[in-house]
Amino acid sequence: MKVMAQMSMVMNLDKCIGCHTCSVTCKQAWTNRTGTEYVWFNNVETRPGLGYPRTYEDQETWQGGWVRTKRGKLKLRAGGRAKKLASIFANPKLPSIHDYYEPWTYEYDMLLSAPQGEHTPVAKPKSLLTGKDMSIQWSANWDDDLGGSTATMQDDPILKHMSEHVAEELEQTFMFYLPRICEHCLNPSCVASCPSGAMYKRVEDGIVLVDQDQCRGWRMCVTGCPYKKVYFNHKTGKAEKCTLCYPRLEVGLPTVCSETCVGRLRYLGLVLYDADKVGAAAAIEDEHDLLAAQREVFLDPHDPEVMAAARREGIPDDWIEAAQRSPIWKLISEYEVALPLHPEYRTLPMVWYIPPLSPVVDVVASSGNDGEDGRTLFAAISQLRIPLEYLAGLFTAGDTGPVERVLRRLAAMRSGMREVNLGREFPEENAEAVGMTGDQVQEMYRLLAIAKYEERYVIPTAHTEVARELEEMACSLDFEGGPGMGGAGPFGSSSGQPTPVAVENFHALSARQTADSPYGPSTPGRVNLLNWDGNGRPTGLFPPGEDGAGEEGRS
Amino acid sequence: MGLTDASADKIILWVVLPYVTFAVLVVGSIWRYRYDKFGWTTRSSELYEKRLLRWGSPLFHFGLLFVVLGHFLGLVIPNTWTEAVGVSEGFYHFIATSMGSIAALVAVAGLLILVYRRRSTGPVFLATTRMDKTMYVFLAASLLSGAWATVQTQILAGGHGYDYRETISPWFRSLWYLQPQPALMEGVPAAFQVHIVAAMLLFALWPFTRLVHAFSAPVQYPFRPYVVYRSREASVTSRAPRPGWDPTTTPPR
Ligand code: HEM
Ligand code: SF4
Ligand code: SF4
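For the protein sequence lines, the chains are A and B, in the order given.
Residue numbers for the first sequence follow numbering that gives the first Met the number 0, beginning at 0 and rising by one.
Residue numbers for the second sequence follow numbering that gives the first Met the number 0, beginning at 0 and rising by one.
Looking at chain B on its own, in the form it has when it is part of the complex (with noise of 0.2 Å):
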């Protein structure tokens, strides 16, 4: 299997459109750390409303770490390998159904009470930028295609489900191997397709939203000593001015 046994509508959609997402991510990512380290922050609306904050993200965040890991755990780990530590078929099913079925659900019941929250307090409403909603429009969009995905190929079907370890994830790691393998795809239920554009849409939008805060996850913060010292020499103390706020001068004569 290659690239020449695909059609181009496939070859659109499961080779240049991830290549594509990845080029946006991370050069965007880069575009926006340097041109604008002050808009990169959770935008925290906390002060608002505390409430239904309090479920909603933690439900949300947690639910969606777990669902990261599955992931990985699903996408990155071939079979092969799992099977080698003894792992069989149906207990990697069992596994991984059972939790990413509990993971998913605690991150959509966040993700919900996340949406309510945004719309029915007024506050906090008023504070949604239009980038905002788009970004919530595909974050749902991955979520729930990928709940229903689950739901519908791995619970309803019976059995031991869609083996997408056999498709998709190969097909996911060729493309870390810059030999993308499109006809892996052919075939794979339509509600996965849907999750993996719709997930490549999100990754896209990623760079420019306030998702960006995910990158910027405080995993040094252990590490570090407690009080912070820095040097007026080493800090910031020459800010350029922003570009375009000359003040009038008359032209010489």
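Here chain A stands alone, though its shape is the one from the complex (with noise of 0.2 Å):
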């Protein structure tokens, strides 16, 4: 038993309102930058749909994840590692970047320098490409809210492996959110596929990234991903991805994505695993043991025995003491309602899902019966299976027992709080139905419901490694913030010890949410609306009067 531990994040779907907001603050925060505007770190889907980018889990064509050969050992899908070589000078299952779709802006400036006319002016869109007027034919979210329509139904990849009845029953259609970040998997493709070896998983959080330095833009894990959870820079020609936000995990805050969620959908927190099971649970025969043999790799962080496993790998205690706190492990391995994404890539992702009840609790209800009895919607479960087989086409690769049985359970949790928001006992027959105890169901309701931040996000703050750079802090005291800063070094400016990132980000965090910061705005005579935080004056926010008055804020 090798334990390793794992960050790891659980969607809560029934509560996804697909707004979007944790799209555009991934985004802000990362990747606002040239040759990363067709670059979404998070996205949100609306399902059914083609997804982003478009069809890309229809891995007969783009060949990312991993296949099982005949003798049982996993072989990259996309072939080996001589035909990689072989088709390194031009990649043949790269998407292109209509694929995802051509980056534009408007001409706003049209708008205040047109000069009068006739006419309203209007802002035409330009490719960042080519610089050209362009006309708009997709985008990231083009789809959003389309789900179950005829103009793009039926491409969607999952739907087109379903049975034949489902297009009798389009009508009866049903839709719900996506959202989207890179799995941080525990055996990733992705990596697999780097050629110069640039990519890893962290030993110490199972975070993966891409070394930007080592990068020799041979974007072949673009390919190796089947999330498509890779991006190609197109600008300074490397691989970028999401970075589960790392440097804020280090200090102890949650993702950008979940921190900003409006409905409160996600939950971070370790996962203990044997590393020395990956490999075997990957390439096991039938795809729908995956999700079986996946929660296999992981352990009871309660169990004395990987306590004293994990101790013995170096994971400190409060990094153990988390791991039994952890919202993933309860959601996963207790509750058993968490689902992988496509399984069947056998790169055993770590970002799980809650599937949604909602479209069966929307069908319940808009054909008049109760939406809230536990009969009713127990019935309508197993009778509904269009949204069954499509949920089971997205989390268990194809088997509708798992996604039946989370679905009752969430059922009987919901039909079961009715009862106790009525004032009467929680029925415990219900709870018996699905396989757990009332108290059982309670728990998880609150943890699904109600839970506080410090619940939804149990992230170790002291990491030994960040323990060391603080000593590291004590010793040399130029960090931003510390007496000794001043950006001198010993031998001038930018000399010495370099920050470390987290350190430097974490700073960088509350410089910004603070305004009034020592330093005038960065653009003489603006104010950058978006970081001012509402407090004081700033210089800059009005013009200058003739008497100067505007200017007090300089003083």
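Simulated from the structure, these hints should not be mistaken for laboratory data.
Don't take every hint at face value.
[Said to hold, decoys possible] Dumping the calculated SDA-like pairs for lysine to any residue here, alpha-carbon to alpha-carbon at most 25 Å:
no.: 1; chain 1: A; residue 1: K131; chain 2: B; residue 2: R117
no.: 2; chain 1: A; residue 1: K276; chain 2: B; residue 2: R223
no.: 3; chain 1: A; residue 1: K92; chain 2: B; residue 2: E48
no.: 4; chain 1: A; residue 1: K92; chain 2: B; residue 2: T120
no.: 5; chain 1: A; residue 1: K159; chain 2: A; residue 2: S357
no.: 6; chain 1: A; residue 1: K123; chain 2: B; residue 2: T120
no.: 7; chain 1: A; residue 1: K234; chain 2: B; residue 2: M130
no.: 8; chain 1: A; residue 1: K159; chain 2: A; residue 2: H97
no.: 9; chain 1: A; residue 1: K1; chain 2: B; residue 2: T120
no.: 10; chain 1: B; residue 1: K49; chain 2: A; residue 2: T54
[Said to hold, decoys possible] Here are some chain B residues the structure puts well away from chain A; computed CB gaps all over 10 Å:
no.: 11; residue: K9
no.: 12; residue: L12
no.: 13; residue: F21
no.: 14; residue: L52
no.: 15; residue: T79
no.: 16; residue: L104
no.: 17; residue: S141
no.: 18; residue: E165
no.: 19; residue: S168
no.: 20; residue: A182
no.: 21; residue: A189
no.: 22; residue: A197
no.: 23; residue: F202
All C-beta atoms, glycine included, are put in the ideal place defined by N, C-alpha and C.
Got two chains here, separate frames each, mind docking them using the hints?
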């Protein structure tokens, strides 16, 4: 047994309202740069729908992830090492920018500078790749809210694999949102595809990263990832991907997407797992067994043997304790309501999802029945084959059994809690029917419905490594905010010890959140209202008055 | 033969220039690697355009790999060695010229496609830097002059063609022995002289262009485990802020 810790996420899809706040804040934080216009580390897809990039789930076309060979070995679907090297000069399976979308901007300037004329000036869209006029054909969420529309539905890779009765019942369709980030897989095929070894999985927390100084732009990782969550920065020629906001995690803050999620549906926490079992679990023969096999890889953090083994591997005590409080462990392994996205890709993804019960509830309610009645719900779950099969196509390689079990648990919780809200006892038989106890269901309800910040995000702060860096901080004081600050190192400006990136980011963040900084605005005469917290009167907020009254903020 | 009996311009062309080129290539590459690891990439443009690249890039690169192999055989291996293992001059010439011409043809075809693609595809052209253009000029000059030298002196000339293994190859090796013999280059056909000078200029330019990607060809990929783990401590946790980015401060009074 080789115990390793993995930072992971669970998203409760019932609560996603498809507002895209997570995508926007992530973009503002990480990819608002040139070359990454089309890059969405976090994106929210409407399902049924095509996803981003379009039809990325169709692995017969894109060849991402792993396949099991006849001899029971794992092989990259796009081809082994020799084939990778042979096709390195032009990667045949790389999506082109048009499979994402051509990024554009608008000629905003025209709105202000157009001469007076008969017609209202317009801001025409201009391609960011060619600088020419363009007609916008597609974007990151072009099919937003079009779930079930015949405009896109027939191209959905999941529906294509479902049985023929789908077409007949097309009218009865349903819709939900699927927010996606990098899965930080236990068996990452992106890492395996990287010819230069620039991609790696961090030993301490399992975050998958690209070493920007070592990436040589062979762009094989983009093909390797079946979720298409490695992007190619077309300006720098380097691969970039979601970092799980590691500079924030390292100081105990949740990822930007979690922090800003309007539905508060994201959970972050550690999972302990047995690294020795990963290979065998990913190579299990029957795709339907992958879910169980991956659950088997996880280790019970309360088991004294596991705790001892974890300590032997050098996992610090506060990390073990964090793993015990982890909401992820509870949702995946205790309540068994979270499922992995596309286990059939065999990468053992580590962002799991609680499938939505709402499509079922919607159908029940719209047919005039009681959407919170247990028996009606149970009956509906097993009758509504389309949502069930569709969800199974996403989360269990097509096996409807586990999805049905999860939905029944959610239905038991929903109907049971109604009883409680009406002042009655929790109906124990509801819980028993789904293999849980009433207390367990109510605990689960608390975690899913009203859990506070600290319960949703259990992020161990004191990394040993951070502790070591704090020592570093103790002896050299020239950090931002430290007394020795001022930019001058021992040999002049910028010399001396580099600032640890985590500390640097932490201070940069807090500095941005409190305006009235000691420095003036970066553009003379202007204030960035996006960064202004409403306090004080920064220079440049108002135009200078004739007597210089507007300048008072400068003193 | 030695340095003394060669004229000054020959010494500059066939002694000074090669050594300067070599120095620029080595020192330049080390400098680039140390100061611009981030820029050390193919800067692939496949995202913009695939259809032409699919043909152009493999044709060019595979052709070039064989061209490089041919240069190795022709320049590094003395003709006495090939004869010692029973390869006659005539047979060598036949193989070298036929294979070399095919490789050159493939590489040139690839190059033409790549250059056409650079020029004609909007986004690719916009992403072409001045350095890329310069590089392509010298790359094309080397490749085309080399191909022309082969055609002119080997194919059109008939017979066994020009035997560069009596002149150019020993000159090339003499540079490595640190006993340069520029006189060997006297009387070498002009086409070859142009090709060699163009190639030297290309090598001098090399470290400052995207061509550095050739130095990091991923030969280690087949020999490493698929999944790479790195400890946070071992990885780059603390990159120095780029020089010149210190915030403004008020000088102490
Ligand atoms: C065996 C080692 C090499 C490998 C693995 C390699 C690989 C690559 C790759 C992946 C690209 C990017 C293609 C794209 O997606 O846009 C590229 C571009 C290029 N390579 Fe190489 N290369 C190698 C050696 C060389 C050599 C020796 C040269 C020239 C002397 C060369 C010249 C070029 C040029 C000019 C381009 C730019 C093509 C364009 O977009 O116009 N490469 N190479
Ligand atoms: S989801 Fe993330 S870790 Fe998994 S293969 Fe894709 S990029 Fe790699
Ligand atoms: S912020 Fe939350 S609710 Fe909004 S789209 Fe993202 S995941 Fe869904």
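Status of the hints after comparison with the structure:
1. A/K131 with B/R117: Holds, because 17 Å separates the two Cα atoms, which is no more than 25 Å.
2. A/K276 with B/R223: 20 Å, holds
3. A/K92 with B/E48: 13 Å, holds
4. A/K92 with B/T120: 20 Å, holds
5. A/K159 with A/S357: 23 Å, holds
6. A/K123 with B/T120: 22 Å, holds
7. A/K234 with B/M130: 15 Å, holds
8. A/K159 with A/H97: Given pair A/K159, A/H97 holds - Cα atoms ~22 Å apart, limit 25 Å.
9. A/K1 with B/T120: 52 Å, violated
10. B/K49 with A/T54: Distance of about 18 Å is within 25 Å: holds.
11. K9: With a cut-off of 10 Å, B/K9 remains clear of chain A, as the shortest Cβ separation is near 39 Å.
12. L12: 34 Å, holds
13. F21: 24 Å, holds
14. L52: 5 Å, violated
15. T79: Fine: 35 Å to the nearest Cβ keeps B/T79 off the interface.
16. L104: 17 Å, holds
17. S141: Since the minimum Cβ distance to chain A is about 19 Å, B/S141 lies beyond 10 Å and the statement holds.
18. E165: Correct as stated: the minimum Cβ-Cβ distance to chain A is 36 Å, above 10 Å.
19. S168: 30 Å, holds
20. A182: Non-interface label stands for B/A182: nearest chain A Cβ at 41 Å, farther than 10 Å.
21. A189: Label holds. Min Cβ-Cβ 33 Å, cutoff 10 Å.
22. A197: Consistent with the label, B/A197 stays out of reach of chain A, its closest Cβ about 24 Å off (over 10 Å).
23. F202: Answer for B/F202: holds, closest chain A Cβ roughly 20 Å.
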